[in-house]
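So the sequences go chain by chain: A and B.
Be aware that the first sequence starts at 96, since it is given in the numbering used here, and climbs by one per residue.
Be aware that the second sequence starts at 586, since it is given in the numbering used here, and climbs by one per residue.
Be aware that one or more of the hints could be misleading.
[What the hints assert, rightly or not] Covered stretches of chain B, going by a simulated chain A footprint (3 or more residues, C-beta under 8 Å):
1) 599-610
2) 786-799
3) 979-988
Rather than coming from a laboratory, the hints here were simulated on the basis of the structure.
The beta carbon of each residue, even a glycine, is placed where N, CA and C say it ideally should be.
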Amino acid sequence: MILPNYYEYCCRVKTVAGHEVLERVPEMLAAMHAGKPMIITDKGVVAAGLMDIVTGALADKITIGSIEDDVPPDSDLRVVNELARKYKAKGCDSIIAVGGGSVLDTAKGVNIIVSENSDDLMKFTGAGALKRKLKPLVAVPTTAGTGSEVTLVAVIADHEKNRKMAFTSYFLLPDIAIIDSRMTITLPDFLTSMTGMDALTHAIEAYTCMSKNPVSDACALEAITLISQNILNVVKNPTDKEGRLALATAATLAGMAFSNSMVGMVHTLGHSVGAVCHVPHGTCMSILLPYGLEYNMHKNGEYTAELLYALAGEKVFATTPKEQRAYKTVEYIRNLNQALYDATGGRHARNLKEIMGRDGKPMVPANKLDIIAKVAQGDASIFYNPEDLDKNDLLMVLTAAWEGVKLDQNLIKKG
Amino acid sequence: MQLPDYFEFMCPVKTGSGAQALEHLPSDLAALDARKPLIITEKKNREKGLVKHLAQAFKTWNLTLGVYDGVDESTNLETVKELYSLYLDRGFDCIIALGNGNVMNVAKLLNIAVSGKPEDLKRVKDGGVLSDPLKPLIYIPVISGSCTETSGDACLDGMCVSSKFLMPDIVTIDPRILQDEDPEKVVNTGMAALTYGIEAYMAADANPLTMTYAQLAVDFVVNNLESLVKESLVERGSLKTIIHEFKAKKERTALANAACMAGYVYENTPRGLASTLGAQVAEACGIPQGITMGILLPYAMEVAVKMKGMDLSSVMRPMAGIEIFCCTPEGQRFDYAVGQIRLLQNELFNLTAGRIPRTLEDVKISKKTMGEIAAKIGDGANGFDKDLCLMILEHAYDGKPVAP
Chain A
96 MILPNYYEYC CRVKTVAGHE VLERVPEMLA AMHAGKPMII TDKGVVAAGL
146 MDIVTGALAD KITIGSIEDD VPPDSDLRVV NELARKYKAK GCDSIIAVGG
196 GSVLDTAKGV NIIVSENSDD LMKFTGAGAL KRKLKPLVAV PTTAGTGSEV
246 TLVAVIADHE KNRKMAFTSY FLLPDIAIID SRMTITLPDF LTSMTGMDAL
296 THAIEAYTCM SKNPVSDACA LEAITLISQN ILNVVKNPTD KEGRLALATA
346 ATLAGMAFSN SMVGMVHTLG HSVGAVCHVP HGTCMSILLP YGLEYNMHKN
396 GEYTAELLYA LAGEKVFATT PKEQRAYKTV EYIRNLNQAL YDATGGRHAR
446 NLKEIMGRDG KPMVPANKLD IIAKVAQGDA SIFYNPEDLD KNDLLMVLTA
496 AWEGVKLDQN LIKKG
Chain B
586 MQLPDYFEFM CPVKTGSGAQ ALEHLPSDLA ALDARKPLII TEKKNREKGL
636 VKHLAQAFKT WNLTLGVYDG VDESTNLETV KELYSLYLDR GFDCIIALGN
686 GNVMNVAKLL NIAVSGKPED LKRVKDGGVL SDPLKPLIYI PVISGSCTET
736 SGDACLDGMC VSSKFLMPDI VTIDPRILQD EDPEKVVNTG MAALTYGIEA
786 YMAADANPLT MTYAQLAVDF VVNNLESLVK ESLVERGSLK TIIHEFKAKK
836 ERTALANAAC MAGYVYENTP RGLASTLGAQ VAEACGIPQG ITMGILLPYA
886 MEVAVKMKGM DLSSVMRPMA GIEIFCCTPE GQRFDYAVGQ IRLLQNELFN
936 LTAGRIPRTL EDVKISKKTM GEIAAKIGDG ANGFDKDLCL MILEHAYDGK
986 PVAP
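The shape of chain A in the complex, shown without the other chains:
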């Protein structure tokens, strides 16, 4: 491993993983002098029966201050303020966030308000506005995808003023991430595949994009290996708890990797498809991932080639000629998407045109690609992509991803 000229790496979260980890949360809270947590979650988590597991694990050992399950998928300032009010009214002293990205972002927002004893979240936006440790925050992810249990960012919408507030601080990192296999065991097959591919994309972009470093690389490779060894099997055998733990651990590792190294054009385009057409993030990631690797191949092909080892194993790596490994990596991911498509009865989309909404209509009509490309130009992750992209490049990639055909190498401007 070659050390870069300069790098930094930081993940202060204590990660605790296993099959019965929730039972240990009371003692972990006690070690932080807390014993009356507010649990923040959403209706989906409750409907999946996960809250019963959480409360069952905690109930006789701790006083649960409050259970708030009203976090909407696009949580906003109003929700944050309301939860902060309840936190204070009920005398809570810590937060347990059970859910995905939106729940955790909400919990981070609530934590800022209750810890700083302020009613104006706006004061703490941007990087570095927080100066001290917040109240104990325990993150219990339920999707094995986002990795937000180990990220230092929170994004909270203010729907009234039509703006999004971003917060960045090491103090926003949860104190503890609880990776408990029971939290993902009921996740339906198509969500398992989608979130798993989200995590895979985090790890792969971390490894192949411009701000990689030795520690993020090590996290990424461990994550990729765990995902490729388990994702298809878990989609087919959802109750495989060893596989569930492996995928959930991988998602956390992938979160550690990308939050310390940034991501590139797969996220640039994925954010934009999500923003314009409201397609779930993981779906965008899984479809766009091979295209990002193809587009950047002339810049970072050596890294893409190394991924073949983590994805396909040592035998495939050793028996593939060196110059073909990067292409084989891309092919492996396309084949994985196809296998997940088959295993989920077609619910894991392979290209943008076959993503269907709940109403059965295509979510990404071809006439939206132009606006998606325009939105993508303003996404910050575009700066961390190895090769430059102008609007035509973005549109060219989107068009191929819409059809589900390989990128035409002749159309890539190699700068």
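Fit chain B to the known structure of chain A by using the hints.
This is chain B only, laid out in the frame that chain A set:
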């Protein structure tokens, strides 16, 4: 890899390493709401201009820096008491430990005293535990050290304490600060890092989180140690020096990375046979413990694989890189890894004309002492078996690999 049913990992340290690393410190401190650091160091480090380098990095930030350069071999708890008054009287709000060994020990213990109540130090000394995070502590290695600088251990004046809260908040590895050192010290660091790294592979709760740092520690040691020892043996003042110094800077940085990462691994992994026995041999023979741990490491690995059926083939990967690892048949990978360690040790012995021992015979330990160590460590308290301990020591004495 099969994950354990339960595992934990925590490393609260932000690591920054490479060119101009010091210049990142002021903003990192600001993010921790610290603006008046007390630098603790040794006189020799100040004389070498290291404090000046550090002060330069803070220049544009208009901060007040305090410097205490009185740490040396004889530093004791009285020093911590003196620094306690200095820290509070002058209103410092964080500690920068510029140096290894005792510098970091003093810094950690001082941090206990200044973060809570003054009596906390005595309470912890008497076996009490720390229950809250301490004030910001920054570690800047000057040499590669013992690896435990970045762990939660602190020992001074016969007082040893251990807590995750003693781990530094920030580790800054700057090539300008890293100093050339004696080959024996370089090897001591390297072998300690290698041992802690590989013991993570052998731990009962070996997991991918610990493995991220463990594999890097192994990689940086195996791929830099021999070359760095060679560089340190180059005659000063020769024409070659400039070229050598450039190369050595990179290798020193890699070894310092290995040492810091090994400290993170150390904090998250129970001690294995190599480090436990190695520490005892070191104490009995007056030899740096990294070196004795390293001597025992291949034998402990062989016991794990050949007698306990553990799979340690993946240890080869960080040593050899993905390419060579993948094309090596699975059954040969462990032999490669363990052979690589022995090869390294034999070469170090050769390079230093026998100053760096390869076997316990080179260390000149008596058979009687070996028996005593085996009896002490193998008393069952650590889960180690006495006969197994003795067998490892005897094989390491003769330099004879452990057969299945």
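Each hint, compared with the structure:
1. 599-610: holds (count 9)
2. 786-799: holds (count 6)
3. 979-988: Not satisfied, violated; 0 residues make the cut.
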